[in-house]
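A.B. asks: Here are the chains, one letter per residue:
Protein chains: 2
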Amino acid sequence: MAASQHLKIVIVGGVAGGATAAARARRANANAEITIVEKGPAVSFANCGLPYHIGGEIEQREKLLVATKELFWNRFRIRVCTGHLAESIDTKNQTVTGVTESGDTFELPYDKLILSTGSEPIRPDFCNVQAANLFQLWTLDDMDRIIAYLKSAECKTATVVGAGFVGLEVVEQLHRLGLKVTLIERLPQVLGPLDSEMAKLVQEELDKKQVTVCLSASVSKLQVEQGRVSQVVLDNGSSQATDLVIVGAGVRPRTELATRAGLAIGKTGGLVVNEYCQTSEPNIYAVGDMIEYHHGTLNQNMRIPLAGPANRSGRVAGSHAACGKSPKMPSVQGTSIVRVFDVAAGTTGLNERLCKANNIPYACATIQAPHHASYFPGAKNLTLKLIYSPEDGRVLGAQAVGAEGVDKRLDVVATLLNFSGTVDDLAGLDLAYAPPFGSAKDPLHMAAFVAQNDLADYPTLASVDIALDGYQVVDVRNASEIEKLPLPGAVKIPVDDISSKWESLDPDAPTIVVCHSGKRAHIAASWLLGKGFKEVRNLNGGMSIRRLTNP
Amino acid sequence: MAASQHLKIVIVGGVAGGATAAARARRANANAEITIVEKGPAVSFANCGLPYHIGGEIEQREKLLVATKELFWNRFRIRVCTGHLAESIDTKNQTVTGVTESGDTFELPYDKLILSTGSEPIRPDFCNVQAANLFQLWTLDDMDRIIAYLKSAECKTATVVGAGFVGLEVVEQLHRLGLKVTLIERLPQVLGPLDSEMAKLVQEELDKKQVTVCLSASVSKLQVEQGRVSQVVLDNGSSQATDLVIVGAGVRPRTELATRAGLAIGKTGGLVVNEYCQTSEPNIYAVGDMIEYHHGTLNQNMRIPLAGPANRSGRVAGSHAACGKSPKMPSVQGTSIVRVFDVAAGTTGLNERLCKANNIPYACATIQAPHHASYFPGAKNLTLKLIYSPEDGRVLGAQAVGAEGVDKRLDVVATLLNFSGTVDDLAGLDLAYAPPFGSAKDPLHMAAFVAQNDLADYPTLASVDIALDGYQVVDVRNASEIEKLPLPGAVKIPVDDISSKWESLDPDAPTIVVCHSGKRAHIAASWLLGKGFKEVRNLNGGMSIRRLTNP
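From first to last, the protein sequence lines are chains L and B.
0 is the number of the first residue of the first sequence in numbering that gives the first Met the number 0; add one for each residue after it.
0 is the number of the first residue of the second sequence in numbering that gives the first Met the number 0; add one for each residue after it.
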């Protein structure tokens with residue numbers, strides 16, 4: 000580029016980081032020629048809001064339109080070409096060519112190219128039928144078609160395939176519209192990013208709302224009658240009538256354009272980028288769902304199709320492309336959250352599955368605690384699972400489910416993960432406390448205390464799903480709790496009697512102490528250990544969690 | 000101590016960490032003889048809940064009684080002696096002596112002593128009158144007497160002296176009871192821990208609820224008639240009739256017992272303790288409001304009479320006294336929060352006053368942003384002020400005021416402070432996002448972006464209270480915004496016109512760009528900088544904050 004010319008920046012794709020990259024590029028370079036080419040009709044829209052407009056929780060469609068073509072021109076002098084599908088990149092001559100909606104071809108020269116082609120929903124084989132009531136939900140257009148169908152046809156039942164984030168949000172919104180909803184999921188649990196016992200809490204919420212949940216179930220066929228899916232046939236042979244099918248089977252990165260240009264693809268199928276979001280071709284950047292991010296806790300690259308990292312990568316790429324400088328792309332932690340009716344559920348860092356798959360030693364501490372001071376009105380129970388290294392106490396991840404305060408606890412742990420913090424760090428955090436907002440001992444502290452006790456053999460925890468045969472099991476709950484959820488074979492000693500009745504127990508027998516959530520069991524187990532019992536453990540999370548693992 | 004004997008642990012004071020220390024000591028040592036001597040009638044109660052029972056928000060008094068004498072004995076084999084006032088410590092012979100409610104003396108031998116004598120409300124001179132309607136609020140007994148008076152006397156007006164945490168909570172609860180409340184504060188602002196412009200947002204909430212707020216006002220005299228305060232006389236000579244006076248003028252540590260025992264007192268008046276909460280006498284520990292904590296960000300010791308650190312110090316001291324081991328006492332960050340009617344307000348780390356007093360260079364970035372995705376129903380504005388080092392970008396503190404999500408943002412920053420994180424770290428955090436819980440660019444990210452831009456001269460920020468004379472001031476708000484809150488002398492160019500009208504401005508004049516919150520001004524200021532303007536700054540926080548500083 001001659002010094003007299005202005006830098007030409009072309010961005011392919013407005014959503015998932017592209018629009019952010021463009022705006023950021025402008026702020027970093029007032030003179031660059033910046034162009035966004037976008038295949039769809041809108042340069043930028045709020046993908047995450049789509050399910051909520053279907054159910055009417057977000058009433059106005061225009062709220063989803065984040066920024067218009069006109070705004071980009073007026074405010075940023077950024078040219079937006081919608082209806083422009085980029086088809087190939089000539090990396091040598093630095094041009095992008097493609098075709099417009101009206102069938103014309105276009106060719107754009109670039110000095111710096113930023114790819115933001117995002118991801119697209121996976122379309123399972125069973126979707127290869129023509130049916131007016133079969134949908135996926137990824138674009139404004141998808142949303143509009145679903146809403147139009149709901150208005151035109153009389154739907155009483157709906158089937159949602161896939162119990163991930165979008166699937167669950169769609170279930171809630173269809174339920175809001177009064178439909179009887181069935182949710183079909185291939186895995187033996189809803190919400191794959193959570194460990195199964197935590198996911199079960201979400202499933203209980205779905206049950207409470209009379210959503211029919213079919214787990215470990217695959218759709219083998221959609222039966223079509225008169226141009227509509229009439230029956231969903233599962234691989235176990237059962238079938239079910241339906242008025243509407245929405246498939247949310249995950250997404251895959253849209254990397255065709257990049258692949259054709261010879262850009263490097265990583266092990267997990269996303270584009271490989273460096274810390275400034277440069278691809279294997281340094282003048283070409285890539286951002287958002289199509290790339291691999293560095294997962295900080297896992298210390299590996301992986302795809303995470305979420306808005307937060309997409310946005311951050313857009314900022315990095317936009318700035319670096321425009322002026323050659325930018326803070327580095329931060330690591331991600333896989334933090335995510337979803338609202339499912341009256342509860343929120345989310346995760347950050349590693350779950351048990353990721354630890355196992357990567358041979359990372361881990362331990363778990365699970366607690367139940369009110370989200371703010373228990374004596375203050377409105378306290379709601381939160382279940383928090385902390386995953387940590389048994390070797391050095393480093394926090395590896397957390398999951399939380401509850402009606403209030405889930406996002407806050409995840410955000411604190413996500414912040415801690417950023418600094419490779421330990422359970423001691425977590426236990427010592429100086430968090431904001433007043434009765435309406437938390438507790439002097441926040442659920443985060445409680446979980447950290449449990450982990451600290453475990454690591455210090457003070458006493459250690461028994462895994463939530465441990466087989467209790469062969470143990471001296473001491474149930475320290477009160478009679479009414481035991482009646483509601485019995486634990487056969489346990490010796491019953493309410494916690495307040497342990498100091499007077501402990502001598503009736505066998506100090507040589509390997510012992511597991513159990514209560515509702517693990518708090519009283521910790522007190523009793525410490526007592527027994529202090530009295531010389533040889534091996535005493537506290538059942539992690541108590542019966543409140545165990546009931547979720549041994550139905 | 001002979002090996003055959005059990006360790007004798009005596010705890011003086013149940014509240015503010017003492018009860019926690021006792022319970023923790025038991026778990027660390029099943030055989031120790033543990034005794035709590037407490038001068039009051041209850042071993043432990045929820046101090047933080049007292050204001051809320053006065054107004055009836057916490058309905059049942061028994062909810063405030065955290066743990067009873069019986070529970071301590073049955074569950075922990077901890078002996079609780081209420082109505083026992085400890086008067087002296089014989090450090091040589093290791094005994095505590097004192098007097099009981101009934102006038103008997105007692106003497107208790109100890110191997111380890113844990114002091115938790117807490118703090119007591121400061122009683123200003125003007126309180127030295129006999130009046131049945133004059134109260135402070137620190138104990139259950141104080142609360143009971145206030146409630147009894149409110150029931151017996153017909154109160155229509157109330158005066159609260161002191162606009163700190165407790166004062167503000169009391170104001171809200173008296174207002175809830177239908178009283179017309181006047182709040183008197185010595186400082187020129189409410190809520191001293193916040194910087195003045197942030198405190199003003201809280202004051203606006205008080206104004207909205209028709210609370211009369213008198214700032215920079217000291218009580219010179221309480222006029223008493225027929226055994227009741229009838230008039231509150233201020234030092235400016237004005238006076239005001241009142242039916243009830245509650246004074247919340249701060250607290251001071253109760254260190255008399257410790258001082259008499261010759262234990263070291265720190266510069267700020269609290270007991271000096273080491274990382275295991277041992278005083279200058281290693282067998283004597285101290286916890287809670289009476290000690291000095293290490294402030295992590297300030298790297299100095301200071302007193303912080305709050306429940307969170309009290310609790311943590313109790314755990315450390317209890318464990319260490321009982322078995323010689325404990326994690327170290329973590330640093331505090333001075334994190335605190337209060338609900339004032341419909342808003343929450345809080346702080347963590349350093350404020351401007353602390354930075355100035357300690358000659359710490361600092362810069363501020365203040366933003367306004369919705370607490371969750373703006374397109375999702377129920378989004379409420381949050382004002383967030385980030386304080387950071389202009390030298391290395393290290394985050395020094397944060398303050399937030401808003402209807403929702405204040406606690407979450409403070410907790411994230413408190414966590415960041417624990418690791419000496421920077422604004423780059425904050426900008427890169429992978430926080431939990433779904434439309435009901437946050438934004439892909441959370442307010443925390445937005446504040447960090449503003450700070451990053453400032454640090455990178457991209458462009459820098461102008462201080463919220465900068466004098467604008469002599470600057471070329473460019474107001475990029477739209478006409479209706481300007482009409483509501485004019486900025487005389489500014490050149491008006493709406494942000495979307497800046498790219499077409501910038502040439503009408505003087506590129507050599509030092510320029511300050513202004514909008515409502517600073518977001519659009521950033522865009523316009525970047526544009527001007529990019530076009531070669533010599534000195535361009537963005538007014539931090541825009542008019543939404545400036546209006547709070549130049550009334």
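Be aware that a few hints might be false.
Pairs involving identical chains hold if they fit within one copy or between any two copies, as the list cannot separate such chains.
Stated by the list, open to error - Lysine to aspartate or glutamate pairs mimicking EDC-like chemistry, simulated, CA-CA at most 20 Å apart: (1) K518 with D495; (2) K179 with E480; (3) K327 with D423; (4) K533 with D507; (5) K68 with E390; (6) K327 with D141; (7) K379 with E403; (8) K533 with D234; (9) K324 with D423; (10) K91 with E224; (11) K91 with E106; (12) K324 with E61; (13) K518 with E351; (14) K327 with D456; (15) K155 with E403; (16) K179 with E61; (17) K38 with D391; (18) K500 with E351; (19) K207 with E86; (20) K533 with E224.
Calculated directly from the structure, the hints in this document are not laboratory data.
Keep in mind that this is a model prediction, so the values were computed, not measured.
A.B. asks: Taking the numbered hints from earlier one at a time, note which ones the structure violates and give those numbers from smallest to largest.
C.D. replies: 2, 5, 6, 8, 10, 12, 13, 15, 16, 17, 18, 19 and 20
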